[in-house]
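Participant: Residue numbers (the UniProt record's numbering), protein chains in the order written: chain A, 1 to 353; chain B, 1 to 267; chain C, 1 to 330.
Any given hint could turn out to be false.
Derived list of chain C stretches under chain B, where covered just means 3 residues or more per stretch with a C-beta under 8 Å from a C-beta of chain B [unchecked claim]: (1) 43-57; (2) 104-110; (3) 300-309.
No lab work stands behind these hints, which were simulated from the structure alone.
Positions of the beta carbon are idealized from the N, C-alpha and C atoms, including for glycine.
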Amino acid sequence: MAVSVSIENLTIRYGDSTAVTDVSFDIQQGEFFTLLGPSGCGKTTILRAIAGFIEPSAGEIRIGGQSMRGVGANRRPTALVFQSLALFPTMSVADNIGYGLRVRGVGKAERNRRVDELLQLVALEDHGRKGVNEISGGQRQRVAIARALAVEPTVLLLDEPLSALDLKLRQHMRAELRAIQRRVGTTFIYITHDQGEALAMSDRIAVMNAGRIEQIGEARGIYTRPETAFVAGFVGETNRVPGRVLRTFNGSAVLETPLGNLAGLNPAGLAIGDKAAIFVRPEALKSGTGGENHVSGQADTFIYEGNFGHLSFLVNEGHALTALLPPDTGAIPERGQPVSFSFGAGDAIILAD
Amino acid sequence: MTAARIGRLAFLLYTVVFFAVMLLPLLIMSGTAFNTSAYPRLIPFEGPTLEWFAAIADDRQLMEGLSTSIKIGILTVLLALPLGFAGALLLQQVTGSLRRWLYVVLIAPILTPGVVIGIGTVIFWRDFTRASGLGFFYDGIVLTVFAQTSFIAAYCMLIFTARLDRLDLALEEAARDLGASPTQSFFHVLLPHMAPAIAAAAFIAFLSSVENYNATTFAILSDKTLTTVLYGKVRLGISPAISALAVLMILATLGVIALAWLLRKKK
Amino acid sequence: MTPFLTPRYLITAALIVVLVACTLAAARHVRSFLRRNGLPVGLFVVGAVVFWTIVLIVAPQIFMLDLSFRFNLPRSQLGGPQDVLTFQNYRSLWIGPDGQSWNLLQLRALAVTLAGSVFVVLACFAICYPIAFHLAQFAGERRLRLALALLIVPYWINEILRAFAFRILFTDQGLINRLLLESGLISQPVDFFNIEVPLYTGLVYAYLLFMFFPLYSALRSLPHEQIEAARDLGAPWWHIHLFVVMPAAKAGIASGATMVFMLCAGSLAIPQILGGTRTLWFTPIVYDRFFESYDWPQGAAYAVMLLLTCIVVVLTVQRIFRVGLRDVVR
Chain A
1 MAVSVSIENL TIRYGDSTAV TDVSFDIQQG EFFTLLGPSG CGKTTILRAI
51 AGFIEPSAGE IRIGGQSMRG VGANRRPTAL VFQSLALFPT MSVADNIGYG
101 LRVRGVGKAE RNRRVDELLQ LVALEDHGRK GVNEISGGQR QRVAIARALA
151 VEPTVLLLDE PLSALDLKLR QHMRAELRAI QRRVGTTFIY ITHDQGEALA
201 MSDRIAVMNA GRIEQIGEAR GIYTRPETAF VAGFVGETNR VPGRVLRTFN
251 GSAVLETPLG NLAGLNPAGL AIGDKAAIFV RPEALKSGTG GENHVSGQAD
301 TFIYEGNFGH LSFLVNEGHA LTALLPPDTG AIPERGQPVS FSFGAGDAII
351 LAD
Chain B
1 MTAARIGRLA FLLYTVVFFA VMLLPLLIMS GTAFNTSAYP RLIPFEGPTL
51 EWFAAIADDR QLMEGLSTSI KIGILTVLLA LPLGFAGALL LQQVTGSLRR
101 WLYVVLIAPI LTPGVVIGIG TVIFWRDFTR ASGLGFFYDG IVLTVFAQTS
151 FIAAYCMLIF TARLDRLDLA LEEAARDLGA SPTQSFFHVL LPHMAPAIAA
201 AAFIAFLSSV ENYNATTFAI LSDKTLTTVL YGKVRLGISP AISALAVLMI
251 LATLGVIALA WLLRKKK
Chain C
1 MTPFLTPRYL ITAALIVVLV ACTLAAARHV RSFLRRNGLP VGLFVVGAVV
51 FWTIVLIVAP QIFMLDLSFR FNLPRSQLGG PQDVLTFQNY RSLWIGPDGQ
101 SWNLLQLRAL AVTLAGSVFV VLACFAICYP IAFHLAQFAG ERRLRLALAL
151 LIVPYWINEI LRAFAFRILF TDQGLINRLL LESGLISQPV DFFNIEVPLY
201 TGLVYAYLLF MFFPLYSALR SLPHEQIEAA RDLGAPWWHI HLFVVMPAAK
251 AGIASGATMV FMLCAGSLAI PQILGGTRTL WFTPIVYDRF FESYDWPQGA
301 AYAVMLLLTC IVVVLTVQRI FRVGLRDVVR
């Protein structure tokens, strides 16, 4: 596969503050690539730099092998789906979609044909002549995507386009977006702070924090094999217990913690005596004593969420852990009732803290 | 009766009196315009007549003043709209002390007494004409348009600024992102967004121009506009024909507003 | 001497040079400005604003200032040995034509104009406040729209015609004298014009809206909960207005007061039409310099004095009430 977008040592400064520090990554042709991170981590800045609205302070952005230095936003082979969608309120749905072709001087007949195609692609055949304020939120979303696809960009950039939708619609649009991407085969760069969205749609995810990339990888790898404490904490729910490395052996380690000695994977190769923390997902905590690590304490609060429940329990003073209880769990433990859980060393990860 | 009720009643009374006084001049105008009495008055009402309306049409001076005023009004709209638009755009894009100073300079003509603006304009263009020999500018209509535009453009700018504040900046970026040049994005996104404000500003600018007296009376030189003719008439003596004219002006304004409302409703 | 080498052209030219220098100093910004707007629109914006500020606003004021320091010479002597700078036009404002006695009439006219304008400001505020407060805080959508329409309608007719209406109202045979005579309250018509009732009525009426709208929008932005909270805490109504509502509306009051004051002090038609034979107002005196004595330099000097005294009054009052110019010109 060919490289579609390549970012090399990108740094972006605003006055004294640095929004993006020395970021590099390549995106393959036809990939659904997500930049995931908390607000203010610099992901939107990178997206706007790719689109051409921000000039990099240092580094290089290449699209299809071409350097984008000095190329204006209107001359780049990118198209951006804005967070606010930015549909032109003075134009109809069809005129919005055809706008990019219009400013490129595409003739009316050809333009209409393309617009019809795109309306079909996003299943809005009957809405072309409506105003953009006469259609629903999800439909507006699809118009924005169709408008961006109309110019046949090498890369489609999406800036948290689902954030304004309600939960149901958002989940529906995830699947829809992924399907559209498969159909058109265009490279997508997607920005979000919602890890659920990122995990559900992406081929690969880059997790960002404070202007730097923490980890790049496939959804599964990011979730199950986080490489930094930030990624472990940010992507998905996790229990974190700090401590000091006691022993290491063969890719694993034992951590001395206030909850006792706990064993886990040691992918970073930490040495004895290093300060570290052990991370374990709530769903890895099984009731009973099956795994290598045992924790017991008193039940504290139970939060019912329909298909499962979250139980948090106190192991000793100040240390609370959360376990996921499956729906077939019998009696929910009362507050103060003793509970005990265990987890396998292969389900826990020890990372520098 | 409780104190609160007395207070409410007093306020109601105040409101009624307030609006009655506000509308009083209109009532006096309408009443005297239709009264046969040659001296404009409401009582005694000597019987209805339309002769004062006929008198307006016969008044050549008034008609000439009116046509000059309309000419000036149209020219002022044509000049003040682009200037006010440019001012609003520039203010939107500059920051810091430059913005503050620019704002003060552009708004100052609104607060400056009209006589000062009129006098300054006449002196400047008289001297400029003498020095350059370009006689075109030293003309009552041209000078009045210049004098009025200096502050009417500021009204327009305020209207444009308010509308511009409501423009989603992402719209312009979206146009640029889809391949539009800055000029294309100006005509495709910005101008359509500003259209209602442009219409409102044109309306206000035209009314302010026709209505203006203070600056106009200096800048018009030896020509006459509606307001200077009216001033002469009111000074010389009072006639119900003036009331009739006022009634016509109210009707004309009402007509324009009704038309605008109908057009908007049709959309 | 070529006509373009006079101070006014030099000052104007200097201004343009300063402007160009500032622009070049900000060249980086200019480039990004042009990139953002494109060349045609960028040039239009800059060109239009330069024309507006320099040619329409600043240059006329500089030329007026320049002329105010010159003698009233016939055209043939302009640029000649007698065309020198002088303070005489300003002196004639307070020293009479004989060069010795005080010119009390003009000084009094200026003082009356300033004091009268302050009075009009206060009257406009007192009249507008209850209505604006009620509409901003309590009125429903429909009542609000009706009230605003009723407020604006009278201003569709010309300032001069409105003054004319008040003139009809207050004459010997006018509605008010008629009603008073017939009710037997008076036996002789009252000469209202000599006691300046029509003048101040006309001025207050003419500029009421310029107080109303800034006041209204300032009061509208005050959250209703604040008033309820004050009432809930047991504050009497006058205390609420004085210490809760008015401080919140300070910027609006300042803006309205400045507008009304400047418009009123610069008002020309209303004092001319509604003034009595003894009425003093400063703008008609300026007018007479031009149209009766044909002394433009003196008229220019008087116009400059009017502008300066007004600015001084406005800035002083703003200083006292601690509001900035920025609050006013919003």
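Participant: Check each numbered hint against the structure and report the violated ones by number, ascending.
Facilitator: 2
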